[in-house]
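Undergrad: Chains as they are written, first to last, in full-length UniProt numbering: chain A, 1 to 276; chain B, 1 to 324.
The set of hints was computed from the structure by calculation and includes no laboratory data. Bear in mind the structure is a predicted one, so any value in this text is a computation, not a measurement. Using N, Cα and C, we set each Cβ at its ideal position, and we do this for glycine too. Check before you lean on any hint, since a few could be wrong.
As the list claims (entries may be wrong) - Simulated coverage check for chain A against chain B, where a stretch passes if three residues somewhere in it have a Cβ under 8 Å from a Cβ of chain B:
id	region
1	23-31
2	107-113
3	245-254
Said to hold, decoys possible - Label-pair distances were calculated between CB atoms; the ranges are:
id	chain 1	residue 1	chain 2	residue 2	range
4	B	G267	A	Q131	24 to 34 Å
5	A	A130	B	R241	23 to 33 Å
6	A	V82	B	G95	36 to 46 Å
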Amino acid sequence: MYRTPGRVRAGGAGRTVAALLILAVLLFPVYWMVSTALQPRSAVTAAGLLPVSPGLDNFATALTNQGGSLLTSLVVASGAAVVCLALAAPAAYALARFELPGGRTVVFGALIAQMVPGIVVANALYSAYAQLGLVNSLLGLILADASLGLPFAIVLLRAFMVSVPSQIVEAAMVDGAGRLTAFVRIVLPMSRNALITAGLFAFLFAWADFVFALTLNTTDDVRPVTLGIYQFIGAHVSDWGAVMATAVLSALPAAVLLIVAQKYIAAGLTGGSVKQ
Amino acid sequence: MSTVTPGTPVNEADPAPTPGGGARTGASGGRSRRFPGWLFAAPAVVYMLAFFGYPLVRNVLMSFQEFTPRTYFTGEAPFSGLENWRAVFSDDLFGDALWQTLLFTAGSLAGQFTIGLGLAVFFSRRFPLSGFVRAVLLLPWLVPMVVSAVVWRRILDQDHGVLNGFLTAVGLSDGGVPWLSSPDLALLSAVLVNIWIGVPFNMVVLYGGLQEIPRELHEAAALDGAGAWRAFRSVTLPVLRPVITVVLVLGFMSTIKILDLILALTGGGPADSTQTLGTMTYQLSFLELDFGQGAVIGNVLILISAVFAVLYLRTDRGDLGRGK
């Protein structure tokens with residue numbers, strides 16, 4: 001089992017090569033998406049492995065067609081992340097610290113809630129939304145999409161806040177701070193990383209939402225890009241370059257977050273996450 | 001009707017210490033005067049009751065109601081006993097959808113887990129760039145599922161798809177494999193795409209599990225003369241078991257409700273060969289506007305998920321629950 005340093009280095013290089021091969025195979029669809037998006041319309045059907053004469057025309061078409069949808073997605077996903085954190089952070093703190101009566105039931109409920117299929121929620125929500133006038137509304141979609149990240153955020157933040165030393169919070173309260181002040185001034189700043197992780201996932205879950213976008217909207221007034229691209233393949237199936245450009249644009253948040261916030265993503269994944 | 005007479009202080013801002021109240025210390029209890037603890041949790045609890053509790057209850061009720069397009073004009077949804085249940089269960093498509101849901105789920109899980117575990121083991125030895133490659137491999141999992149499905153739809157296209165182009169070029173087929181347009185192949189194609197989507201999640205969680213295994217265990221096994229495969233079977237797998245259970249149960253529950261992938265890839269077709277319980281619920285409720293029958297299948301989905309929810313909650317989640 002014990003290798004000489006030289007063999008470790010040789011084996012390491014071999015593994016790196018193998019890893020890059022694995023990467024190439026598994027990420028081929030992503031490459032293909034970008035490559036197709038860069039090809040002029042005439043070349044899309046006869047596409048080779050490399051874009052022949054790359055250009056941004058498809059992106060212009062995509063932005064014209066789906067720019068509004070991208071903006072809607074941005075508003076809805078940000079709104080959902082804010083709602084999610086605003087609800088989850090105080091709840092997680094209370095569940096971690098106050099030994100609430102029924103607190104265990106709430107944590108249990110959050111775990112169970114992650115298992116409820118979205119279409120089941122949509123099925124019941126639709127008629128309630130119809131009565132409340134929330135169908136085809138930004139607010140309605142934001143509230144529904146917040147449900148995708150909330151249980152996860154509660155579980156994740158609670159797990160983190162258990163480890164915030166209670167002496168620090170107590171010291172602040174001895175100095176005259178109320179619970180609310182101590183929470184805002186002490187607990188929230190200390191939980192920064194966990195909040196970022198939970199917020200990122202809430203954003204990504206809402207950005208990726210398709211079921212609520214599809215079912216809670218009957219007009220095109222509120223149309224996130226997931227719904228946009230779905231309708232786009234129905235209507236413009238011949239213009240694959242533009243469809244792929246839309247796909248690239250709607251994959252951007254994931255790609256950006258992966259680069260900028262890599263460690264938070266991995267932390268969230270192993271923190272008991274469930275993809276919605 | 002209670003009236004508060006003057007001089008009877010109720011909830012005064014600063015009440016006199018009550019027995020056992022004022023002297024409490026520690027994180028719990030204590031200074032609840034200014035802001036009771038449950039107020040912190042109340043908004044989230046109310047929200048969860050509205051967005052999870054209410055739909056669960058409502059779905060059960062709806063499955064016994066006649067809830068059709070007429071309802072939207074009359075506002076009436078009369079109770080109809082087991083009518084919806086009878087209608088759904090006597091529909092041939094229900095049996096097909098149930099079977100296809102199980103095939104899709106089992107096939108996806110088997111592929112995701114096997115490849116994910118293989119990659120986790122591969123990456124668990126340090127080598128240059130391993131962290132970078134692991135991070136980038138996450139991309140398919142983070143991209144919206146409906147977007148991945150659209151990209152794959154293009155790749156698997158019978159005439160213009162790059163997969164058929166590749167297979168023809170290397171001589172593995174003479175072209176034109178109907179990946180998505182043949183009822184015999186469409187479900188398999190959907191499974192393959194979903195395996196691609198799910199591998200990163202399996203890899204990352206299993207990788208995390210592998211990192212937790214104490215080095216000494218493998219050293220002891222090596223001293224006892226165990227080879228790599230033997231050590232993997234007798235040490236790694238048993239120690240990894242709780243993590244494996246979590247990955248499989250979570251995978252099951254997220255796979256069984258998948259809707260976007262199938263709608264964007266095949267739309268449930270061709271010839272209903274990729275209909276699942278999820279797509280059938282959508283179709284009944286939102287295309288045929290029979291919310292009562294849609295609710296029946298929704299309840300079936302919940303029942304199946306509930307079995308696995310129990311499994312999940314009985315698992316020792318260990319480090320996974322701690323959010324680190």
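Undergrad: Take a look at whether the Cβ-Cβ distance between G267 of chain B and Q131 of chain A falls inside 24 to 34 Å.
TA: holds (30 Å)
Undergrad: Please verify the coverage claim for the region 107-113 of chain A: does it have three or more residues whose C-beta sits within 8 Å of some C-beta in chain B?
TA: Coverage by chain B holds here, the residue count being 6 at a Cβ distance below 8 Å.
Undergrad: Do V82 of chain A and G95 of chain B keep their Cβ atoms within the hinted range of 36 to 46 Å?
TA: holds (44 Å)
Undergrad: With a C-beta cutoff of 8 Å, work out whether three or more residues of the region 23-31 of chain A approach chain B closely enough for the coverage to hold.
TA: holds (count 5)
Undergrad: Can you tell me if the region 245-254 of chain A counts as covered by chain B, using C-beta to C-beta distances under 8 Å and a minimum of three residues?
TA: Per the Cβ count (4), the hint holds.
Undergrad: Is 23 to 33 Å a correct range for the gap between the Cβ atoms of A130 of chain A and R241 of chain B?
TA: violated (47 Å)
Hint check: a violation occurs at hint 5 only; the rest are consistent with the structure.
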